[in-house]
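Visitor: Listed in order, the protein sequences are those of chains F and W. Numbering (my numbering) for the first sequence: 1 to 446. Numbering (my numbering) for the second sequence: 1 to 311.
Hints are computed from structural coordinates only; laboratory data are not their basis. The structure presented is a predicted model; accordingly, all values stated were derived computationally and were not measured. For each residue, glycine too, the CB sits at the ideal point set by N, CA and C. Fair warning: there could be bad hints in the mix.
Taking lysine-lysine and the DSBU-like style, the derived pairs with C-alpha atoms no more than 35 angstroms apart in a straight line are [said to hold, decoys possible]:
1) Lys18(F) x Lys128(W)
2) Lys18(F) x Lys86(W)
3) Lys87(W) x Lys3(F)
4) Lys3(F) x Lys89(W)
5) Lys111(W) x Lys18(F)
6) Lys18(F) x Lys105(W)
7) Lys50(F) x Lys149(F)
8) Lys86(W) x Lys432(F)
9) Lys420(F) x Lys5(W)
10) Lys128(W) x Lys17(F)
11) Lys431(F) x Lys171(W)
12) Lys118(W) x Lys18(F)
13) Lys134(W) x Lys431(F)
14) Lys206(W) x Lys431(F)
15) Lys134(W) x Lys18(F)
16) Lys420(F) x Lys134(W)
Heads up, incomplete: computed chain W residues facing chain F, CB under 8 angstroms, no partners named [unchecked claim]:
17) Asn50
18) Tyr77
19) Pro79
20) Tyr85
21) Lys86
22) Met88
23) Tyr96
24) Leu97
25) Gln99
26) Leu100
27) Lys101
28) Gln141
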Amino acid sequence: MNKTRIIIQREYLSRVKKKSFLIMTILGPILMASIWVIPLYLANTSNEKKVIQILDETGIFNKKFKSTAELTFVPVSMEIETAKNGLSSSGNYALLFIPKTQLNVPTSAILYSSGQPSIDVKSHIKEVMQREIESLKLETSGVDPEILKSIKTNININTIKIDENGAETKSFTEVSMVVGIFAGILIYMFIFMFGAQVMRGIIEEKTSRIIEVIISSVRPFQLMMGKIVGIALVGLTQFLLWVILTFSIVTVFQLSMAGETKLAKTDQMFSPQGKILNAEKLKEFSEKTTEKDNMEFQIIEAISTINYGVMVGSFIFFFLAGYLLYAALFAAIGSAVDSEADTQQFMLPVTIPLILSIVMAQFVITNPDGPVAFWFSIIPLTSPVIMMVRIPFGVPFWELFLSMSLLVVTFLGATWMAAKIYRTGILMYGKKVNYAELWKWLRYKQ
Amino acid sequence: MDEIKVVEVTKQYAGHLALNKVSIDVPKGSIFGLLGPNGAGKTSLIRIINRITAPDSGELYFNGHPLSAEDVSQMGYLPEERGLYKKMKVGEQALYLAQLKGLSKAEAMEKLKFWFDKFNLGSWWNKKVEELSKGMQQKVQFIVTVIHEPKLLIFDEPFSGFDPINVNLLKEEILNLRQKGATIIFSTHNMASVEELCDHIALINKAEKILDGKVAAIKDSFKKNIFEIVYRNQNRSIGYNLPESYVLVSEEHHGNMAKAKIKIPSGETPNQLLQLAITDVEVHAFSEIMPTMNDIFISKVNEYENYSRKI
Chain F
1 MNKTRIIIQR EYLSRVKKKS FLIMTILGPI LMASIWVIPL YLANTSNEKK
51 VIQILDETGI FNKKFKSTAE LTFVPVSMEI ETAKNGLSSS GNYALLFIPK
101 TQLNVPTSAI LYSSGQPSID VKSHIKEVMQ REIESLKLET SGVDPEILKS
151 IKTNININTI KIDENGAETK SFTEVSMVVG IFAGILIYMF IFMFGAQVMR
201 GIIEEKTSRI IEVIISSVRP FQLMMGKIVG IALVGLTQFL LWVILTFSIV
251 TVFQLSMAGE TKLAKTDQMF SPQGKILNAE KLKEFSEKTT EKDNMEFQII
301 EAISTINYGV MVGSFIFFFL AGYLLYAALF AAIGSAVDSE ADTQQFMLPV
351 TIPLILSIVM AQFVITNPDG PVAFWFSIIP LTSPVIMMVR IPFGVPFWEL
401 FLSMSLLVVT FLGATWMAAK IYRTGILMYG KKVNYAELWK WLRYKQ
Chain W
1 MDEIKVVEVT KQYAGHLALN KVSIDVPKGS IFGLLGPNGA GKTSLIRIIN
51 RITAPDSGEL YFNGHPLSAE DVSQMGYLPE ERGLYKKMKV GEQALYLAQL
101 KGLSKAEAME KLKFWFDKFN LGSWWNKKVE ELSKGMQQKV QFIVTVIHEP
151 KLLIFDEPFS GFDPINVNLL KEEILNLRQK GATIIFSTHN MASVEELCDH
201 IALINKAEKI LDGKVAAIKD SFKKNIFEIV YRNQNRSIGY NLPESYVLVS
251 EEHHGNMAKA KIKIPSGETP NQLLQLAITD VEVHAFSEIM PTMNDIFISK
301 VNEYENYSRK I
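Bound conformation, chain F alone (with noise of 0.2 angstroms):
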């Protein structure tokens, strides 16, 4: 056991200390952080207000143009070539123009601008030349514009988990897909990627010949195993650190943004914790706020309904038990084989139920409780991804508990099954393996 606990330490420090684990440690929260920090912070930015002058020679939208948080529209009156000059001087943003056309309602309209102008302002205007222009049409034919405003409604559906007790949990189906999805991604990039370091450890060690002076000291189950435990240290210490810069990196956002402005508000206008929410409460919030706060505080609110002890806790466990069935197939692999090379063969198979999961993630995460999902989730080589998928969900407990089972004994007889190839792989030298060849290993007695 001593000397397992000095093969785990060289292969643990031995990556740690290489650069690209930093830099990946220090990249992934960063990527992370920004998904979180990015959309806050441009909400927060762009409070810098655009000027749109408003060259009208229909004179219909006189006034129809409502300035906005973001957009200023200031009507001009004057010739378009003495605008169209004027615009960059006058530091403007935009210079709208709608000309007089032969037909009685205009159908287009030329937007000058210095840059590329952006999408929302072309929509906007799009959206409110089209409406002005519906309801013009809708007037000639005699309807009144005020019944269709009555006509329009929009509807908001609130989500209410109730389970086996009675609480009450407000769920948020679109935030679960996100989640699920980028844990099911994380899962699988994780066990490609410290999986593939084991096979690659084992490879340099018979390539190098280092492996019988090793063996020579230590059983090769040892070995393989300290390899193995080592990785996946490496992996926990990788998830760990990003999970922690992570929400260091958010912290520090929302502390250095939240004196200035929505983020506040929200805050306020939550319940306590913002996890449980009674109708009242929820009416009156509804009513509070306008519909683009609701929708911003309703993302905030849905990201913190999502428990995170849970989320975190069964990421390791599936991560961890995942990559020790993967790991060992990867070992047995790195065995057999004498350079990277001539591992296709053998990479299929082990790598087509990581792939299929991911594919599958799609349709579970439309449905995560249907049959799919659910034997997908249950069979072992497709589990750790697709159960990461359904965990946002919310999965039965004795599902989650086979699931898990299932795992760790498939996981034992992959480790048996590899111990058995790796034994005998890591002595070969210069044979071209075949899966004859393998079983025969199997096989062996020792």
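Chain F is fixed; fit chain W onto it per the hints.
Guide: Just chain W, lined up with the frame of chain F:
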């Protein structure tokens, strides 16, 4: 007392017999040569001795007791296929391998320092292995093989990759280790080094042991009663004056000296040949031609091949 005793060990790999009832006794304190052509089963036998693989049948005894897993810590093994982690620093790596042999970190440090100084490797401690020459890497490997002062050392082709100066250094160290009480098993094709170092050998061919014993005794049993006489050249052959039962095997003339190889008939002694020669020529040297291990190896293997072909 035997350091290691192998009794009728058989090892079969799917469809291929690697060892067929091979028995060897390696006396304590000896340098034991394990000889044989490529693929004869030497490496299989070594891997069974240091318990990398298990035999299908047969027994092994280490210092009198059945070989157990703990005994492996008393062995040092330098495999033929050997290498180091290329990207790892030399010192770190030596320390790691020494710790795997069961030394504590402090012990390992102290011993490594001694050996690194001895082999002039001290300044390479913090260099990566890939920066070292092949010879230096071999030295590091030798050091980690002997660092835990094992009772039994197994060297598989130890001299490959060394230049002559380092081969000498290594031979000296091997003899030193024997002096300190270690037993050494030595697997090689290099017959010259066998003759120089080994006192016992076993010859393995096609999974079977075909010869073993003390080097001196084996050589004795293979000698052909041929003697060499060096004499002053008197422009004639020494053969004229010899009785018919004596066979002149070869004769060479170099300037004013000549060299002749003569096989004496069984029952006659070298003294009788010498007496005959003295009356005829001025003798400068007289010696028995001993068979080299190389000759014995080749003739024995060929003999075995012919024999097995007949059956």
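Visitor: All hints are to be evaluated individually against the structure, with a verdict given for each.
Guide: We went through each hint and held it up to the structure:
1. Lys18(F) x Lys128(W): Given that 35 angstroms is the threshold and the Cα spacing comes to 14 angstroms, the pair holds.
2. Lys18(F) x Lys86(W): holds, 14 angstroms
3. Lys87(W) x Lys3(F): Holds, because 21 angstroms separates the two Cα atoms, which is no more than 35 angstroms.
4. Lys3(F) x Lys89(W): holds, 20 angstroms
5. Lys111(W) x Lys18(F): holds, 29 angstroms
6. Lys18(F) x Lys105(W): Distance of about 23 angstroms is within 35 angstroms: holds.
7. Lys50(F) x Lys149(F): holds, 29 angstroms
8. Lys86(W) x Lys432(F): Holds, at roughly 25 angstroms.
9. Lys420(F) x Lys5(W): holds, 28 angstroms
10. Lys128(W) x Lys17(F): holds, 14 angstroms
11. Lys431(F) x Lys171(W): This hinted pair holds, its Cα atoms lying about 34 angstroms apart.
12. Lys118(W) x Lys18(F): holds, 32 angstroms
13. Lys134(W) x Lys431(F): holds, 25 angstroms
14. Lys206(W) x Lys431(F): Within the cut-off at roughly 20 angstroms; holds.
15. Lys134(W) x Lys18(F): holds, 25 angstroms
16. Lys420(F) x Lys134(W): holds, 33 angstroms
17. Asn50: holds, 5 angstroms
18. Tyr77: holds, 4 angstroms
19. Pro79: Result: holds, 4 angstroms to nearest chain F Cβ.
20. Tyr85: holds, 6 angstroms
21. Lys86: holds, 6 angstroms
22. Met88: holds, 7 angstroms
23. Tyr96: Tyrosine 96(W) check passes; min Cβ-Cβ to chain F is 5 angstroms, inside 8 angstroms.
24. Leu97: For leucine 97(W), the interface hint holds, since the closest Cβ of chain F sits about 7 angstroms away, which is under 8 angstroms.
25. Gln99: At about 5 angstroms, which falls below the 8 angstroms cut-off, the nearest Cβ of chain F leaves the hint on glutamine 99(W) intact, so it holds.
26. Leu100: This interface hint holds because 5 angstroms falls under the 8 angstroms limit.
27. Lys101: Status holds, d = 5 angstroms.
28. Gln141: Hint on glutamine 141(W): holds, closest Cβ of chain F at ~7 angstroms, below 8 angstroms.
Going through the hint list in order, the structure satisfies each hint without exception.
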